[in-house]
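Residues per chain, in single letters:
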Amino acid sequence: MSKKWVLTQQSFDELLAWLDPDREQAGRRYEEIRLRLIKIFTCRGCLESEDLADETINRVAKKLADIRDIFEGNRALYFYGVANKVNLEYLRRMRAPLPELPEHPPAGIEEEYECLEHCMERLPDGQRELVLQYYQEAKGEKIAARRRLAERLGIGLNALRIRAFRIRANLQECVQDCLRQQAA
Amino acid sequence: MRPATEEEILKRYLLGELSQDEQTRLEENLLTENELLDELLIAEDELIDGYLSGALAETEAASFESHFLLPPERGRKLRFARALRKYIAADETAAKALTDEETPIESVDDSTPAPGSWSFPGFLREQHPFVRMSLIAAILLVSVSLIWTLFRSYEQRRLKPNNAFAVVLKPNLSRDAGELQRVSIPKDADALQLRLRLAAEEYPSYGVVFKTAEGKTILVQDNLKAETIDGERAVVLNVPTETIAPGDYQLKLNANAPGGEPLNVGTYFLRILSK
Numbered sequence: 296m297s298k299k300w301v302l303t304q305q306s307f308d309e310l311l312a313w314l315d316p317d318r319e320q321a322g323r324r325y326e327e328i329r330l331r332l333i334k335i336f337t338c339r340g341c342l343e344s345e346d347l348a349d350e351t352i353n354r355v356a357k358k359l360a361d362i363r364d365i366f367e368g369n370r371a372l373y374f375y376g377v378a379n380k381v382n383l384e385y386l387r388r389m390r391a392p393l394p395e396l397p398e399h400p401p402a403g404i405e406e407e408y409e410c411l412e413h414c415m416e417r418l419p420d421g422q423r424e425l426v427l428q429y430y431q432e433a434k435g436e437k438i439a440a441r442r443r444l445a446e447r448l449g450i451g452l453n454a455l456r457i458r459a460f461r462i463r464a465n466l467q468e469c470v471q472d473c474l475r476q477q478a479a
Numbered sequence: 035m036r037p038a039t040e041e042e043i044l045k046r047y048l049l050g051e052l053s054q055d056e057q058t059r060l061e062e063n064l065l066t067e068n069e070l071l072d073e074l075l076i077a078e079d080e081l082i083d084g085y086l087s088g089a090l091a092e093t094e095a096a097s098f099e100s101h102f103l104l105p106p107e108r109g110r111k112l113r114f115a116r117a118l119r120k121y122i123a124a125d126e127t128a129a130k131a132l133t134d135e136e137t138p139i140e141s142v143d144d145s146t147p148a149p150g151s152w153s154f155p156g157f158l159r160e161q162h163p164f165v166r167m168s169l170i171a172a173i174l175l176v177s178v179s180l181i182w183t184l185f186r187s188y189e190q191r192r193l194k195p196n197n198a199f200a201v202v203l204k205p206n207l208s209r210d211a212g213e214l215q216r217v218s219i220p221k222d223a224d225a226l227q228l229r230l231r232l233a234a235e236e237y238p239s240y241g242v243v244f245k246t247a248e249g250k251t252i253l254v255q256d257n258l259k260a261e262t263i264d265g266e267r268a269v270v271l272n273v274p275t276e277t278i279a280p281g282d283y284q285l286k287l288n289a290n291a292p293g294g295e296p297l298n299v300g301t302y303f304l305r306i307l308s309k
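If you read the sequences in order, they're chains A and B. 296 is the number of the first residue of the first sequence in this note's numbering; add one for each residue after it. 35 is the number of the first residue of the second sequence in this note's numbering; add one for each residue after it.
By construction, these hints were calculated from the structure, which means they are not laboratory data. Glycine included, every Cβ here is placed at the ideal spot set by N, Cα and C. Watch out, some of these pointers could steer you wrong.
As the list claims (entries may be wrong) - Once the Cα atoms are required to be at most 20 Å apart in a straight line, the calculated PhoX-like pairs of lysine-lysine come out as:
#, chain 1, residue 1, chain 2, residue 2
1, B, Lys245, B, Lys204
2, A, Lys437, B, Lys204
3, B, Lys130, B, Lys120
4, A, Lys437, B, Lys250
5, A, Lys358, A, Lys380
6, B, Lys130, B, Lys250
Said to hold, decoys possible - Facing chain A, from chain B, some residues (calculated, C-beta under 7 Å):
#, residue
7, Leu60
8, Glu61
9, Leu64
10, Thr66
11, Ile76
12, His101
13, Arg113
14, Lys120
15, Leu169
16, Ile170
17, Ala171
18, Ser239
19, Lys245
20, Ala247
Could you build the full structure based on these sequences and the hints that come with them?
Spelled out as structure tokens, the structure:
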């Protein structure tokens with residue numbers, strides 16, 4: 296994708312200032328918006344979500360002088376409007392390829408498994424046990440087992456769900472780092 | 035937990051099955067609501083798990099394959115989820131194998147005892163049912179009392195040993211030979227009392243995992259409280275000497291923070307030279 300307009304430091308600073316007068320808050324807000332834009336493009340099936348999110352941000356920064364004094368409302372929704380245009384252009388340009396079905400039988404996951412073993416060993420014991428118990432595959436008993444686990448930990452079912460998700464996300468990041476190191 | 039309808043909407047969104055209006059509303063909320071992104075990420079994981087376990091309907095599985103899996107990131111998530119399922123299944127199998135290792139039940143021999151021989155089951159069968167039940171109840175009571183007495187005796191030795199050998203450990207010593215705490219346990223000591231000095235911040239309670247250097251767990255204790263010993267704050271763990279042999283060991287001290295995950299607050303190393 297060609298980027299004809301480049302985001303300079305000055306335009307980036309102005310964008311942050313538009314998001315929030317406090318620079319730290321503005322930085323957080325910027326990251327939140329960027330992350331959500333990437334997720335939206337991903338959920339729409341785009342193959343270059345990060346590039347599209349950056350393109351969206353670049354266009355907003357470019358238009359800032361025109362909108363800064365007249366735009367009212369949640370700044371994030373302006374990004375959303377621009378993202379829709381970027382998405383349409385992407386679809387016209389790419390003419391989305393036919394989706395590839397996952398391989399059956401699936402390609403070997405030996406490397407992921409090896410990395411996962413390594414990452415599980417590095418988990419604190421409590422987190423490791425939580426993951427093992429939360430994701431056990433006792434059909435028909437999964438909900439009851441999770442309820443018991445939540446009671447044992449003294450937390451609600453939804454808090455357990457979020458806790459398991461965060462540990463899983465950390466594990467996945469660990470595995471991806473491990474795979475990158477192996478590939479290097 | 036959010037209403038089931040919102041979970042259903044997130045699932046349909048991930049499968050590309052929402053109408054344009056529904057999609058726009060959800061995406062606008064995604065940009066403005068903090069919690070929704072986390073809910074969406076959790077829904078992704080749960081959708082992947084549902085696909086792998088065969089829980090998705092046929093049309094859902096088709097959308098999963100044709101839409102959800104398009105971006106490369108999703109393929110990576112799917113592979114990770116497969117590896118996680120395999121790992122957990124292997125762990126369950128190993129755990130089940132341990133619990134299934136029990137003495138085979140010997141078949142009850144109902145045949146008539148050989149002449150001149152006496153068998154206790156036979157003796158029981160000959161008694162009046164009331165007498166039989168009373169005898170069995172008495173045997174059970176004696177067995178339970180004996181087991182309880184042995185358990186209490188072990189616990190008392192472990193928790194309040196008669197003759198404990200105390201060792202003070204400081205956190206996060208490296209395992210370099212020059213800095214490893216080396217210990218020779220007196221032969222008459224029935225327990226090794228490990229006093230784990232606390233680094234700084236204190237918590238309501240702690241858990242300790244005592245392992246060999248190779249990772250084999252020797253002892254796990256939870257709900258330990260910090261104590262003041264010789265003017266220093268420490269968590270105390272009593273380990274029966276019969277459970278440890280010369281070698282290298284490590285202890286992980288985890289703090290039970292209220293409402294949070296156990297937090298590792300210190301690692302301690304020692305080398306048992308002799309007993």
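Let me know if the C-beta of Glu61/B comes in closer than 7 Å to any C-beta of chain A, holds or violated. holds, 5 Å
Regarding the hint that Leu169/B lies at the interface with chain A, is the smallest CB-CB distance below 7 Å? violated, 38 Å
Hinted pair, alpha-carbon criterion (20 Å max): Lys437/A, Lys250/B. Please report holds or violated. violated, 29 Å
Agreement of hint Lys120/B with chain A interface, Cβ distance less than 7 Å: With a minimum Cβ separation of about 6 Å from chain A (threshold 7 Å), the hint on Lys120/B holds.
Against chain A, with CB atoms and a cut of 7 Å, does the hint on Ala247/B hold up? Constraint on Ala247/B not satisfied, violated at 14 Å.
For the pair supplied as a hint, Lys358/A and Lys380/A, confirm whether the alpha-carbon distance does not exceed 20 Å. Roughly 14 Å separates the two Cα atoms, so the pair holds.
For the pair supplied as a hint, Lys130/B and Lys250/B, confirm whether the alpha-carbon distance does not exceed 20 Å. holds, 19 Å
Hint Ile76/B vs chain A: min CB-CB distance below 7 Å? holds, 5 Å
Does the alpha-carbon distance linking Lys130/B and Lys120/B stay inside the 20 Å limit? At roughly 15 Å apart (the allowed maximum being 20 Å), Lys120/B and Lys130/B satisfy the hint.
Given the hint that Lys245/B pairs with Lys204/B, test it: the Cα-Cα distance must not exceed 20 Å. The hint holds at about 17 Å.
Against chain A, is Leu60/B within 7 Å by beta-carbon distance? This interface hint is violated because 9 Å lies over the 7 Å limit.
Go through the hint on Leu64/B and say holds or violated, using the shortest Cβ distance to chain A against 7 Å. holds, 5 Å
Comparing the model with each earlier hint shows violations of hints 2, 4, 7, 15, 16, 17, 18, 19 and 20; every other hint is respected.
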